[in-house]
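Chemist: So the chains spell out like this:
There are 4 protein chains.
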Amino acid sequence: MCRWAAYRGNPLYLEELVSSPAHSLIEQSHCASRAKTATNGDGFGIAWYGDHAEPGRYRDILPAWSDCNLRSLARQIRSPLFLAHVRAATNGGTRRDNCHPFVFGPWSFMHNGQIAGFDKIRRKMEAQLSDELFNARTGTTDSELLFLLALQMGMAEDPVGAVGRAIAEVERLSAEASDTTLVRFTAAFSDGRSLFAIRYATDHKPPTLYAAPMGGEGGYCLVSEPLNDDVDAWTEIPDGSAVMVSDDGLATSVFRPAGLAVAA
Amino acid sequence: MCRWAAYRGNPLYLEELVSSPAHSLIEQSHCASRAKTATNGDGFGIAWYGDHAEPGRYRDILPAWSDCNLRSLARQIRSPLFLAHVRAATNGGTRRDNCHPFVFGPWSFMHNGQIAGFDKIRRKMEAQLSDELFNARTGTTDSELLFLLALQMGMAEDPVGAVGRAIAEVERLSAEASDTTLVRFTAAFSDGRSLFAIRYATDHKPPTLYAAPMGGEGGYCLVSEPLNDDVDAWTEIPDGSAVMVSDDGLATSVFRPAGLAVAA
Amino acid sequence: MCRWAAYRGNPLYLEELVSSPAHSLIEQSHCASRAKTATNGDGFGIAWYGDHAEPGRYRDILPAWSDCNLRSLARQIRSPLFLAHVRAATNGGTRRDNCHPFVFGPWSFMHNGQIAGFDKIRRKMEAQLSDELFNARTGTTDSELLFLLALQMGMAEDPVGAVGRAIAEVERLSAEASDTTLVRFTAAFSDGRSLFAIRYATDHKPPTLYAAPMGGEGGYCLVSEPLNDDVDAWTEIPDGSAVMVSDDGLATSVFRPAGLAVAA
Amino acid sequence: MCRWAAYRGNPLYLEELVSSPAHSLIEQSHCASRAKTATNGDGFGIAWYGDHAEPGRYRDILPAWSDCNLRSLARQIRSPLFLAHVRAATNGGTRRDNCHPFVFGPWSFMHNGQIAGFDKIRRKMEAQLSDELFNARTGTTDSELLFLLALQMGMAEDPVGAVGRAIAEVERLSAEASDTTLVRFTAAFSDGRSLFAIRYATDHKPPTLYAAPMGGEGGYCLVSEPLNDDVDAWTEIPDGSAVMVSDDGLATSVFRPAGLAVAA
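These protein sequence lines map, in sequence, to chains L, V, S and G. Residue numbers for the first sequence follow the UniProt record's numbering, beginning at 1 and rising by one. Residue numbers for the second sequence follow the UniProt record's numbering, beginning at 1 and rising by one. Residue numbers for the third sequence follow the UniProt record's numbering, beginning at 1 and rising by one. Residue numbers for the fourth sequence follow the UniProt record's numbering, beginning at 1 and rising by one.
Check each hint, because a few of them may be wrong.
No copy labels: a pair is met if it fits in one copy or bridges any two.
Claimed, not checked - Mimicking SDA-like on lysine to any residue, the simulated pairs with C-alpha atoms at most 25 Å apart in a straight line are:
1. LYS120 to ARG75
2. LYS205 to GLY215
3. LYS120 to ASP131
4. LYS124 to TYR13
5. LYS205 to ASN228
6. LYS205 to GLY240
7. LYS205 to ASP119
8. LYS124 to THR208
9. LYS205 to LEU129
I should point out that these hints are in silico values taken from the structure, not numbers from a laboratory.
Isolated chain L, as found in the complex (with noise of 0.2 Å):
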């Protein structure tokens, strides 16, 4: 299982989440004690906002504890609206454009998870994409290709439920293809305005979310695994909930794949 962790709030050093506390990001992925997996040194990545509507990005394929430049980035940049992420593979070889958060316009998308079975509807996921969507995908990953997809179907206007639209198209997919259809989602994305957050799995045993206020008024942080041991902190955002972090704080609310799916 890959790791992330994700803030929007006054503006924050990234080092602060990704190389700064007891619990950090890196430490995490160094040196997992909760990781089901044995370790997550297949690649890294953040994306922050600053002065441009797109987000800015470093993803590099070596151990994130190994990396010199991050550590030095995440020191210097400082941003109101960020996601940094470390990868444990699934699907999709050790390589830059596998690396999470993708990107696209303003919006950006980080996730751990899985899709079972994601070879054999990879291509009928990939026909519903516009030319320019198919064009943008430059890895190989169901994470990104999950990305595009809810673009195609709306997240412009209306991101949770456009991740909604695009979970329920890729269970239909599923059960076309085979008897038994496994989804587990926790994600993260952005239009570089709201962070939202969801958690979801069709067994109902998605990887954890958890949130905790941070930085200041109305700040707060999102993230797969909590980043330190003071448990109290940190609370579990439960199975099929969508979280919105905005100027009015911090928002959840019931998550289920939903209705048909509309190609924008």
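Given chain L, put chains V, S and G in place with the hints provided.
Modeler: Only chains V, S and G this time, still in chain L's reference frame:
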């Protein structure tokens, strides 16, 4: 433009073509004297046949001239049949999966050239692949897709014919998609027994292709550009030709894209 | 020869020098028109000053033209003082630790040039470093060692003078070790407040150095070669000069290696 | 701690130790079951003897488990004598030059262990090297420097004795520099004819070392940890031992750091 060299004959250390000569592939890639593009610093690859049916392969994204691993491997590995390629990117980012040679089962393939308007026909080319060949695609280049399309069209039974059918299909799709059709193609490929090469272009301006005897009786080297200044040693293969190097030596024949594209 | 650009003035996005102009550093590195060596594909680096005393830094060994991370960072990062460098290796293998700029505390340093016979004097140069500076050496280039030697000789108090003493010491050691002494040196360096550059060679054939106003009042860009064809915009800095860009604008003075080399 | 495996016997494909077994070196590096450090994701290397006196070598900084080149090379290369290493960094950054095995002429060397207080004695160790050996140093690890020091102290004539003298010198320098001396050393090395290994620690807690017959008559495999669960197959080599595998099979002797350090 990329550069490449291929060899079939008595076992030869790879370094004799890759790193040793005054005008080896590595030196060519660093300090191009006849190149049309400025440099060939976008990665390299070698594929060689040894004890197994499928070739060994080593690719990396560093410039070939600065890769110590390549020098050591080229010095140690001796093979009766190998391909070597240095890349100047046209389509597809700089990453290992986009470096030639591409391999599938016993086949290896490398290419110098271009398909104009590739973005417009990429999806239609991919749609013709079997699931197995579609899933074998790990990069984003036109070259890899052309190779997979030729495999789809019967490379195993009729190597040159299958490449001809693949190019004919590309030309058909290009004509559909736009007014002009431009394919330039100089490639080498092998099944581990014979070495094949093709030089062809719709506008009769294909990248160059040369052959020279090498490595004792019946051995030949095929190159995109002569590896040294001994001009008389190298025979230019004309536009519209297919070359086969086998136990019977080198044979050339007329090449033209052919017939109906029939999925195997 | 390497290429570099440095800027001090009103905050500027790095991309304006690194990737945007018709003749940006990246394009220069890919398709050199005036270069003496064939290409600059042996890595690159940027150092910029932001909120902290020490600079941020990003280096990698890919050719600059194929690094997506560099393009994204150069687009997002805005700084009043930065250095950018693309490398054509002379001494030292292709690896991150050999990429410029080098940094130590608040100092950054990048260089274009050479010390003839460096292998013969390397140990004697290293012997003059304090343990702290010796242990700060992570690469194998002459440039990094010259920078550390200048730090040893008082860069903090007298930047240009310390470089002069370091070069004088190199010349003394070279004369001891062989009949001929050849140092060519065009470098830029900064402590995060002022931007310095020096052009000097024992044989009066130093690599070129140009300056041009940029980015509004008092801002200047220093480059190893003009970044565009607007020849009139760039002033060539003569051999044997030191340049300082500060709040008072650009000032040049005579530079010569000086005095006794006194270890700090 | 690092992990390694070495083999001498009838020619064996490297994959049999590197990637094939249920508990191969690659799987060990990914999902360590007995490891003291969390993971071995800081690079890897192989050195093998073929047709030339000097070994071939392939190193890279990716985690071994995600390197397609390594899998292909290990499948193709067959050798009667080879070393393979996966790294968990203690001293020295993650880069190719710090990956084991180190090579010099016909010699190869890899190590698992540590020199406490290495920073304090590094300069004095380097000072004992000839110019040729000093210039051969390209990385920053204690392991590489220990190897060069052993070469300096007569490895060619007396391999195990030279390592003993090098370790004695390290202990002497450590005692000079601080109150406590701690050297832990489990290494394998070869000149292309015999395979040597040493297990030793000043505190009698050296990293483990095991041996097992392999590959037919007279062949042996030496490993830092057993490669499979067939516990009876592996013999633990005791603390304070030297091992030599040659045409006469495996011989062990007492090892202790010895005598005066005499520069060759």
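Chemist: What are the numbers of the hints that this structure violates, sorted from low to high?
Modeler: 1, 2, 4, 8 and 9
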